[in-house]
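Going down the list, the protein sequences come from chains A and B.
Under my numbering, read the first sequence as residues 1 to 225, first letter to last.
Under my numbering, read the second sequence as residues 1 to 377, first letter to last.
Think of the hints as simulated: they come from the structure by calculation, not from any bench.
Wrong hints could be hidden among the right ones.
Derived DEER-like restraints, expressed as beta-carbon distance ranges [to be verified]:
(1) A/H88 with B/Y322: 27 to 35 Å
(2) A/V17 with B/A126: 46 to 54 Å
(3) A/R75 with B/D317: 55 to 63 Å
(4) B/D317 with A/G51: 53 to 61 Å
(5) A/H173 with B/A108: 44 to 52 Å
(6) A/Q142 with B/P184: 54 to 62 Å
(7) B/P184 with A/V130: 46 to 54 Å
(8) B/D317 with A/P143: 53 to 61 Å
(9) B/E116 with A/F175: 53 to 61 Å
Here the structure is a predicted model, which means the values were calculated and not measured.
Backbone N, C-alpha and C define an ideal beta-carbon position, used for all residues, glycine too.
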Amino acid sequence: MSWHEFLRFLRGPLFEVALLVFAAGLAYRIFRVVALGWRRERAPAMGSRAGGVVTSYAKGIGIWPFIPWVKDAFRGNAVTFLAGGLFHLGLFVVILLGTAHMLVWKSLLGFGWPTLPLPIVDFLAAGAIVAMIALLINRFTQPVVRKLTGPAEMANWIFVFLPMLTGYMMTHHMFFRYEVLFSLHMLTVDVLLIWIPFSLIPHFAFYFFSRTIHGSQFGRRAVTP
Amino acid sequence: MGEQTISEHLRAEGVTRREFIQYCGILAGSLGLTALPSGLHGSPDLGRRALLDRVVQALETSPRLPIIWLEFQDCAGCTEALTRSQSPTLVDLVLNEVSIDYHETLFAAAGTAAEEARLQAMETYAGRYVLVVEGSVPTGGRGLFCTIGGRSATDILDEAAAGAAAIIATGNCAAFGGLPKASPNPTGAKGVWEIVEDKPVVNIPGCPAIPEVTTGTLAHFLVFGKLPELDALNRPKTFYGTTIHDRCQRRPFYDAGKFAGSFDDEGARRGYCLYKLGCKGPTTYNACATLKWDGGLSFPIQSGHPCLGCSEPEFWDGGGFYQGQSAPIGPPGLTTIGLVAGAGAVVGAGVAAANRARRRKPAPTAPTAPAESGGEP
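Whenever a hint applies, use it, and build me the whole structure from the sequences.
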């Protein structure tokens, strides 16, 4: 099997299977939690649910990331906070605002959107890769995080790191022929898509559920989220 | 014809010695060689002068190279490209001087007379002629999808290949099956190298093949008496050694992240990279960006059209021509994704319902374990 044939398999049938496993698995994970329901609120409403949701997102996305030193998490381990933030920012920009990735979304959704210039995406991708390495070192040097690290955590790190590394190498045509790098990137992406439903990575979706629900509850009770 | 050398033939045609040497220089240049291939005449480091001498010597001493050109499931586009080539020196050399003894499109003869000419040429030049094949070979339907003179393509190919000194498959169809092999491949089309297994087949893929690459490969065989160095897909490394992307004049725009978003936007007018319009340059190995077409005038990307990847196997089934290369091939539709996700959601909700029911009714009979103290904090 040539690299071109392998690449066609990875971009075609395997990607299709991976995407369906991802979609079904993610829906399963979310509904398994959401369908548990919530306890009925018996106390009278003291404030607005919508207001609570807006405040919750505004603080979570717009305020805390820019004044991290006020958070206990930052004081406890600044590397986790800063490298984690850099990693998530880079990942978000690369996946949604990188030209090649936007074309994937376009092929799935039927519409595209403007993307950022390559040098900017590239810089953030490199930042995310460095951040991941920093997080790995931090994971093994900090006793608390080390204690929380098991095979599943290592698998998460590897399955996320490899697509980023191969994607960066592919963009820069490093070491191997393009179709080889493209194949490695697609292989690692397919593996990641299949792995996500079995891991803790779905927090990218759970995050929005929990922020919304907690914001709503805090808003109703008129407490600061 | 006969045993007249190429040089003698050219002289008889009124070509002067000076013009002949120029011919040889162009030929050497077109082969993309700066030194003799290793293993030939001792040192691999002989320079340009030695190469020119070698070309001159070959053309002065070699008899004309007989060529039999077969066409099967093709559009004759490769022949059209060859005959309309704007670089007459090399193509003339091959067409007129190297001598094509049988070519269905170019032949004046037809019917049984043409077939007899082919058989006669094969007999006269047995073991010496170069077989050039254009078009894919159908293997389905007991070969009935393509017959010439009542004989199947596979039959004719086997017969012609048996006496050939070298076999060249020109165009994507002959090399890798091309358009006829595109899914669902109703005729069971195959490339020549999938059928002829006892002899090396040089693949010159392209849609059409670049004329100078076909003739350059023939010229290489003429000059050196052996086939050029090939890559894993049996393509001459000289012409297929780098990707279109690596030699593309729009490459700086790719590196800078400047893309044309449509065929008529500002980016397209400024000559930006065509990656977003589906360019397959990064994975396509061919000489378009360097040799170009029409005597070096232009090539698709220069003219504003993305590369289709026509020199790669099964390029018709490699995703949409105008879809970015990063996009998946034949991804599931939103409906399928929705249905599958729906199934996942139903199962998830079912598990959640079961968990809720279990939470509501804790097992009453389970004995409670004695309270432990001093365990893990």
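These are the hints, each one checked on the structure:
1. A/H88 with B/Y322: 27 to 35 Å: holds (34 Å)
2. A/V17 with B/A126: 46 to 54 Å: holds (53 Å)
3. A/R75 with B/D317: 55 to 63 Å: Holds, at about 57 Å.
4. B/D317 with A/G51: 53 to 61 Å: Holds: the Cβ-Cβ distance is about 54 Å, inside 53 to 61 Å.
5. A/H173 with B/A108: 44 to 52 Å: Holds: the Cβ-Cβ distance is about 50 Å, inside 44 to 52 Å.
6. A/Q142 with B/P184: 54 to 62 Å: holds (58 Å)
7. B/P184 with A/V130: 46 to 54 Å: About 48 Å separates the Cβ atoms of B/P184 and A/V130, which means 46 to 54 Å holds.
8. B/D317 with A/P143: 53 to 61 Å: holds (54 Å)
9. B/E116 with A/F175: 53 to 61 Å: holds (57 Å)
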